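Since chain Z is already given, all that's left is putting chain L on it; use the hints.
Respectively, the protein sequence lines represent chains Z and L.
Mapped onto our numbering, the consecutive letters of the first sequence carry residue numbers 6 to 343.
Mapped onto our numbering, the consecutive letters of the second sequence carry residue numbers 28 to 260.
To be clear, the hints were calculated from the coordinates, so they are not data collected in a lab.
It is possible that part of the hints are untrue.
Computed cross-link-like contacts, BS3-like style, restricted to lysine-lysine with a CA-CA straight-line distance of at most 25 Å [claimed, not checked]:
hint, chain 1, residue 1, chain 2, residue 2
1, Z, 216, Z, 159
2, L, 98, Z, 292
3, L, 58, L, 163
4, L, 98, Z, 289
5, Z, 289, Z, 187
6, Z, 216, Z, 155
7, Z, 34, Z, 11
8, Z, 16, L, 98
9, Z, 209, Z, 155
10, Z, 215, Z, 155
11, Z, 187, Z, 292
12, Z, 292, L, 97
13, L, 97, Z, 289
14, Z, 216, Z, 187
15, Z, 159, Z, 215
Some chain L residues near chain Z, calculated using beta-carbon distances under 7 Å [stated by the list, open to error]:
hint, residue
16, 70
17, 71
18, 81
19, 87
20, 214
All values reported here derive from a predicted model rather than from experimental measurement.
The beta-carbon is built from N, C-alpha and C at its ideal position, and this holds for glycine as well.
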Amino acid sequence: MYRREKSIQIKSSASALYNNLSVLPIAEKCLTYFTVVHCNVVNMVSASGDGLNFSHRQLQSKEGSIAASSSLIIQASWCVLPSRVLLVLTSQKGIQMYESDGSIMVYWHALDIPETPSDEAVFARGIAAATTLGHYICVGTSSGSVLVFKIPDKGANIILSEVLEEHWDPITDIATETSSSKEYIADIVSADDSGLLCIWKAGKDFKLLKKIPAYGCSCSSVKLWCGIVIAGYGSGQIRLYDALSGVVHAEVNAHARWIYALDIAPDSGKLLSGAEDSLVRIWKLSKSPESHTVEIEHQHTECVTDVQICGAKFCDPEGSAFAVTGYDLSEIIRYTVV
Amino acid sequence: MCLFWRLTLQTDRHCRSLGCLESRKVSIFLKDKVQNSNGRFVLPTSGPVPYGTQIPGLIRMFNCNGDEVKKSEFPNGGNYTSPLQEGSFDLYGGRVLKLGTNMYSVSRPVETHMSGTSKSSASHAKENAAPNPLAKEELNLLARLMGHLEVKKTTGSESGFRVNLFSTDEEEEEAAILRPSEFSYQFINIQATQDQQSNEELARIMGEFKEEDSVSQSPCSKGDDLLAMMDGL
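So that you can see chain Z by itself, here it is in the shape it has in the complex (with noise of 0.2 Å):
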């Protein structure tokens, strides 16, 4: 079904970190960009149309606006707007906010560092955009809150709009409402460690819809699809919900180790898992619209022998192309479909 292409090459390996992937298709200039983080440094690649040239750049994690740090940076997404595409990082001390091809770093927010250092670790994770009624960035903080930004269409006048309190464990990723379709009422779910997943309604004001409870695992990777909540857990299930009254749709025993990242494709629903366990599994989702039961079945597994999967995303909407980091991998593999 899939088939192996030509990995792209990355200055350093990928961290061992949830999500380490992003991905950013430019279909008008034939374009892809990739993020891999490595410590305190973002790798991005952008790869032409036809695989042959590529150009590299490093960003490095910041300490107040100018000066680099050594900090490690936990996470880096391209959030999309309908004005603008920002690429989001944020580490143990801040985030920070890029133009799309990381030229310029346009906004810079300072976590609130405890004086006295707790046992606890400070960082930002989790990056999502909110488009309705706005346009808004959100991204989560290992307190368990939810810094919500408000983005202007151009510019660097980003200011910070609401802090959403209801987790109380670190948040571990915020995916936002992928189907193109309006009728969906939930625009954004957060999980955090302790597995506990929150829907919420975006605007001038959030508004929570739904908590999901823990089943005793941490959720490292949620999406949402077409009112579907899809949740990637440690115990290396994948759980569908429906994202407003929270009901089961459907459990899957997929991985046999912990799951590290997820992707939707949107056009097509297919699901794109990876874990710890070496395998990336392609899954199939479908609604049926009269009895409202989503199924889900598996389509495709493809092995990197020996490989710890950190980073798992389709290149593109319909999910004919995905690539994959390992941890200690210094490269970025790809598949393509057949």
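Chain L in isolation, oriented as in the chain Z frame:
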């Protein structure tokens, strides 16, 4: 409790693994086939899944009332077996995992002493009651080295001390089998009793000890005397 430990281990692993492995090869890992010659650690797609994880392959689908309406299976691409038991977090108990054990030990035990069972508590009590038989021998050796004990040869060979740098006799034998034959053996002789200078020094120190207690005539009880002296200190 289990979630807390797994999270702690995972966070711990994140913090430590955020650096590079740099493909360092460790000989015992290579020998045990835990690491490849390219430096990557072996991630088997077979064997037991961890406690808390199910064997991959089952999909269960539910309706809005929570009733299971469909079940399907998919090939998991591996050869997984049932989850491991949960290890004990008590002071004594089976840990199940090898984490924390000595990776250089041949037998690699995973059990700690079980003080709860009647069988072991009996042996525990027995151990406490009987003095360590080696202690007396060790003190006799000390006394002999200090030059104040007549060597009384028992029938058969001298029961001296044999130094074993491994944890058990089996490990020593195993290492001897594995030892490449091209390495030659070198014997080092240590003559602890015959160095005149050190003997005088020891005699002087021994003299400082001889204060109150009367010296017993039986050579074998020198060990007892030293024991009593040390207890008195």
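So, going through the hints one by one against the coordinates:
For the hint linking residue 216 (chain Z) to residue 159 (chain Z), the alpha-carbon distance of about 34 Å lies beyond 25 Å, and the restraint is violated. Straight-line distance between C-alpha atoms of residue 98 (chain L) and residue 292 (chain Z) comes to about 16 Å, which keeps the hinted pair within the 25 Å bound. Between the alpha carbons of residue 58 (chain L) and residue 163 (chain L) the distance comes to roughly 41 Å, so the proposed pair goes past 25 Å and is violated. Distance hint between residue 98 (chain L) and residue 289 (chain Z) is fulfilled; the C-alpha atoms sit about 15 Å from each other, no more than 25 Å.
A distance of roughly 22 Å separates the Cα atoms of residue 289 (chain Z) and residue 187 (chain Z); the hinted pair therefore holds under the 25 Å criterion. Distance hint between residue 216 (chain Z) and residue 155 (chain Z) is fulfilled; the C-alpha atoms sit about 24 Å from each other, no more than 25 Å. In summary, the hint linking residue 34 (chain Z) to residue 11 (chain Z) is supported, as the alpha carbons are separated by about 21 Å, within the 25 Å threshold. Restraint check for residue 16 (chain Z) and residue 98 (chain L): not satisfied, since their Cα atoms lie roughly 45 Å apart, outside the 25 Å limit.
Of the supplied pair hints, the one linking residue 209 (chain Z) and residue 155 (chain Z) holds, its CA atoms being roughly 9 Å apart against a limit of 25 Å. For the hint pairing residue 215 (chain Z) with residue 155 (chain Z), the CA-to-CA distance comes to about 23 Å; that is within 25 Å, so the pair holds. Between the alpha carbons of residue 187 (chain Z) and residue 292 (chain Z) the distance comes to roughly 17 Å, so the proposed pair stays at or under 25 Å and holds. A hinted pair counts as satisfied when its Cα atoms are at most 25 Å apart, and residue 292 (chain Z) with residue 97 (chain L) qualifies at roughly 14 Å.
Proposed proximity of residue 97 (chain L) and residue 289 (chain Z) is supported: the alpha carbons are some 15 Å apart, at most 25 Å. A distance of roughly 22 Å separates the Cα atoms of residue 216 (chain Z) and residue 187 (chain Z); the hinted pair therefore holds under the 25 Å criterion. A hinted pair counts as satisfied when its Cα atoms are at most 25 Å apart, and residue 159 (chain Z) with residue 215 (chain Z) does not qualify at roughly 33 Å. At its closest, the beta carbon of residue 70 (chain L) sits 5 Å from a beta carbon of chain Z; the interface hint therefore holds under the 7 Å criterion.
Residue-level restraint check for residue 71 (chain L) is violated (minimum Cβ-Cβ distance to chain Z is 9 Å; threshold 7 Å). Of the supplied interface hints, the one on residue 81 (chain L) holds, with its beta-carbon coming within about 4 Å of a beta-carbon of chain Z, less than 7 Å. For residue 87 (chain L), the suggested interface contact is upheld, since its CB lies about 5 Å from the closest CB of chain Z, less than 7 Å. With its C-beta approaching chain Z no nearer than about 45 Å, residue 214 (chain L) sits outside the 7 Å limit, and its interface hint is violated.
Hints 1, 3, 8, 15, 17 and 20 from the list above are not met by this structure, while the remaining hints are.
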